[in-house]
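J.: Using the sequences and the accompanying hints, generate a full structural model.
As given, the protein sequences belong to chains L and H, one line each in that order.
For the first sequence, our numbering begins at 1 and goes up steadily by one.
For the second sequence, our numbering begins at 1001 and goes up steadily by one.
Incorrect hints may appear among the rest.
Unchecked claim - Partial list, derived from the structure: chain H residues whose beta carbon lies under 7 Å from chain L: (1) THR1050; (2) THR1052; (3) SER1055; (4) LEU1059; (5) PHE1246.
Hint data in this document are derived by calculation from the structure and do not stem from the laboratory.
In this text, all values refer to a predicted model and were calculated from it rather than measured experimentally.
The C-beta atom is built at its ideal place from N, Cα and C for all residues, glycine as well.
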Amino acid sequence: MTDQRSQAEIVRQSLKRRYRKERRFRAYGVIAIAIALGALLTLFTDIIGKGYTGFMKTTITMDVQLDGEMMYLDDPTDERQIKMADFVEPLVQSLIKEIPGASEENRKQVRELINPYASVELRDALKANPEWLGTTQTMTFLSHTDVDVYVKHAGDDAYSIKLNDQQKAWVEELQERGVIETSFNDVFFSGGDSRDPSKAGILGAIVGSLLTMFVTLILSFPIGVAAAIYLEEFAPQNKFTDFIEVNINNLAAVPSIIFGLLGLAVFINLFGMPRSVPVVGGLVLTLMTLPTIIISSRAAIKSVPPSIREAAEGIGASKMQVVLHHVLPLAMPGMLTGSIIGMAQALGETAPLLLIGMVAFIVDVPDGFFDSATVLPVQVFLWAGSPELAFIERASAAIMVLLTFLISMNALAIWMRKRLERRW
Amino acid sequence: MKLNKALATVALAGSVAAMSTPAMARDTISIVGSSTVYPFATVVAERFGTKTDFSTPKLESTGSGGGMKLFCQGIGTQHPDITNASRRMKTSEFELCQSNGVTDITEFRIGSDGIVIASSKNAENLELTLEQLFLALGSKVPVNGEWVANPNEKWSDVDSSLPNKPIRVMGPPPTSGTRDSFNELALAAGCDELPEAADLSKDEHSSICESVREDGAFIEAGENDNLIVQKLIGDTDMYGVFGYSFLEENADRLQAATLNGMVPTAEAIAADEYPVARSLFFYVKKAHIGVVPGIKEYVDEFISNAAMGPNGYLKDVGLIVPPREALMDLMDKAEGMRNLTLDELK
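T.: Pasting the structure below:
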C-alpha cells in the first residue's frame, strides 16, 4: 500500500519534467521544419528574384525601309542574291533615323544596339514576303543583349553594363518614345539554345526532356512492374531470389553517374549507338529508375490484403487470373505513384547524361529519338557556366520551368494516390 | 503465367532491338573538347548554322584530354569529327589516334587565351613577378635551402612591396584546364626562377613546383567562374584566377594584376608577352570530310576574317585573335588540309 502510494507520488513528481520534455521535443520538431521551410523559401526567393527578368525580352520596334539598292537585292526569291545581300544596313539606317542626334558617324555605336541576329530575321522575313522589297515595314526586332541587360538591370551591382554613356542616353530616349520596349519573352519558349542570351530558348531542352522521359517511361514501367509481380507473386523463396532482392535494393542507392558509365560502355561503345541522343539517355535513365519502380511496385502489391487473393482463389481463379484481375488493378495506383516519383527523379538528372554526351551545345530543336538533344537540367548547368552575365537570369528562369514540371509531376502523384487509393 | 512470360519476352526483345541499332549516318557535325574553346566554338557553330543550309554542329565540353580520347577512338560516325583543345595534342595522344586508324588529322591554332589574377576595382591591385606568385601560392617553398610547407600568410611576407593583407585567392578546381595551365605556366615558371629549383629531380619538380597550397589560402571555387567574379566584387581582400574572357566581360568592375610587369591585354597575350598565355587549337579528322556534311565549310567559317579577323565576332566574345599572317597561314592550311605529323608535336 505504502509502496503504491509512493509510486504514484513519484509519477506525480516527474509529471512536470515529462511534460517539459515533451514540449521540448515538439519544439525541436517545429524548429527542424522551420529550418527546412526557411531554406526552401531562401532558395525560391533567390531563384525567382534572379530569374523573373528572364521571362522578359527587350525589343526594338521601328519602320524599316527595305530599299533594294541599299541591300544589293532586287529579287528576294533568288538564293544567290540573298546570300550576298546586306541585311544589316537597312536596320542601322532605320535606327539612326529613330535617334535624334545620331548620324552616319555613330553607325558602329548604333549597330551595337541591335541584336546580331536581327539581320537573319530580316532576311527570313523578306524570303517569306518577297513583295515587301521597296516598301517600308514596321518591324520588331530583339535588342542587343547589352541593351537588354541595361534596360532590366541598370544600377544592379550583379551586372556589368557594357554600353557607353552615349548609348545609355539613346536607350533611355528610345524607351521613352516606346521604340525600345520590354514584353513577355516568347523567344525563351520557342527557340533552342543560343550563345546570344537574348535569343536563347529552352524549347530544345524541353523537347529533349520529353523524348528522353518517354523512352524511360515505356521501358521502365512495364519492366519494373513485371519484375515486381514476378518477385512478389510467383518467385520461389530461395537464396537466389533473396540475392536478387538485395541487389535491387543496392541498385537504388548506386550514384547515378555509375549508370552513365554503364550506358557509355554498353550502349555507345558496345552497341555503337550515337552519342547525345534521347534513346541512349532514356535507356540510361531506365536503368536508374528501375529499382525505384520495382521497390514501390512490390510495396503496392504487398499492401493488397491476402483476403482478396484467397477469395479469388476460393471461387476457382487461376494464379494468373488472381494477379491480373484482382491484385494488379488494386496495386496500380501505388505503382503509378512510384513510377511518377521515379520519373521526376530522372527528369532532374544530369550526371549520367554527361558521359553519354547529352551535356552539349545543341541549337536545333530535336525532332526524333535519334536526334542530338539535351535536357532541362543540363541546359541550366550550361547557362550557369557561361561567361555572359545575361545567362544568369536565363538559368534561373529555366530552373523555374524545371521546378514547375517537377512540382506538377509530384502533385499528379499525390492527386492520383488520394483519388485512386483504396484502404482496407 | 504464360502471358507474363510472353510480356517479359516482348519487353526484353524490344529493348535488345533498340540497343542493337547500328551506327547511323549523321548529318550534324559532332565536336568535343576543351571548355576554354567551347564559348568560341559554339558561337561559330551557331553562326554557321544560321548562315548555311547545314544543321548546327553539336558541341560537347569534355575538357581537352577527354576530347582527345573520344576523338582518337576511331573512324566512323559514332566518333566525333573535330576536337577542341586548350593545349597542343600530346605525342601519346597522337599515337593513340594512329593506333585506332585516325591517321589523317589537321591541326588549327586559332588564337590565344590568358589567365589573369584579378580583383575588384576597389581593391589594391597586385604587381607580381611569377616568382612572388609561386612563393605566395605554392604548396612548398624554400626557406634557408629547405623545402617547407608555405609559411607566408600575408602578401607582405612574400615581398615587402606587396600589400599587408592575408593571401586569399580563389581559383578553379584541379579538374579544370585553366587550373592545369595555371599550375604549368604560372607556378612552375615562377618556381624555376628560384635557385633552389635547379636541384630538384624531375618527379620532385612536378610535385613541388606544380602544386597549389592547400592550407586555405587558395580557395577552390568550382568550375563556375561567374561565382568567382561575384565574390571578388563583394570582398576587396580576395583575388581570383580565371580566363581572360571573364575579365573582359567584367572590365568595368575588375582589374587585373600585372605579372612580370605585364598587364594582361589582348595584344600582350597574342604576342606571347604576357607570361601566362596559352594557345588554343582544334583538330579535324580528315577521314570524316565528305562523310559528315559541312566539316570543311565549318572550318572555313571558323578561320574566316568575319570570325577571327581584327573586327571578327570571336573577338567580341573574348578570343584573342591571331595576327593577320597567322590567319593567312590558317587559310592555306584549310585549303590543303595538311596532315599533322609526329615530328611537329615533339
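J.: Hints first: check each against the structure and report whether it holds.
T.: Status of the hints after comparison with the structure:
1. Proximity of H:THR1050 to chain L holds as hinted, the smallest CB-CB distance being about 5 Å (cut-off 7 Å).
2. Interface hint at H:THR1052: violated, since its Cβ lies 9 Å from the closest Cβ of chain L, which is beyond the 7 Å cut-off.
3. Look at H:SER1055: its Cβ gets to within about 6 Å of chain L, closer than 7 Å, so that hint holds up.
4. Interface hint at H:LEU1059: satisfied, since its Cβ lies 4 Å from the closest Cβ of chain L, which is below the 7 Å cut-off.
5. The closest approach between the C-beta of H:PHE1246 and any C-beta of chain L is roughly 5 Å, which is under the 7 Å cut-off, so the hint is satisfied.
Comparing the model with each numbered hint stated earlier shows that hint 2 is the single one that does not hold.
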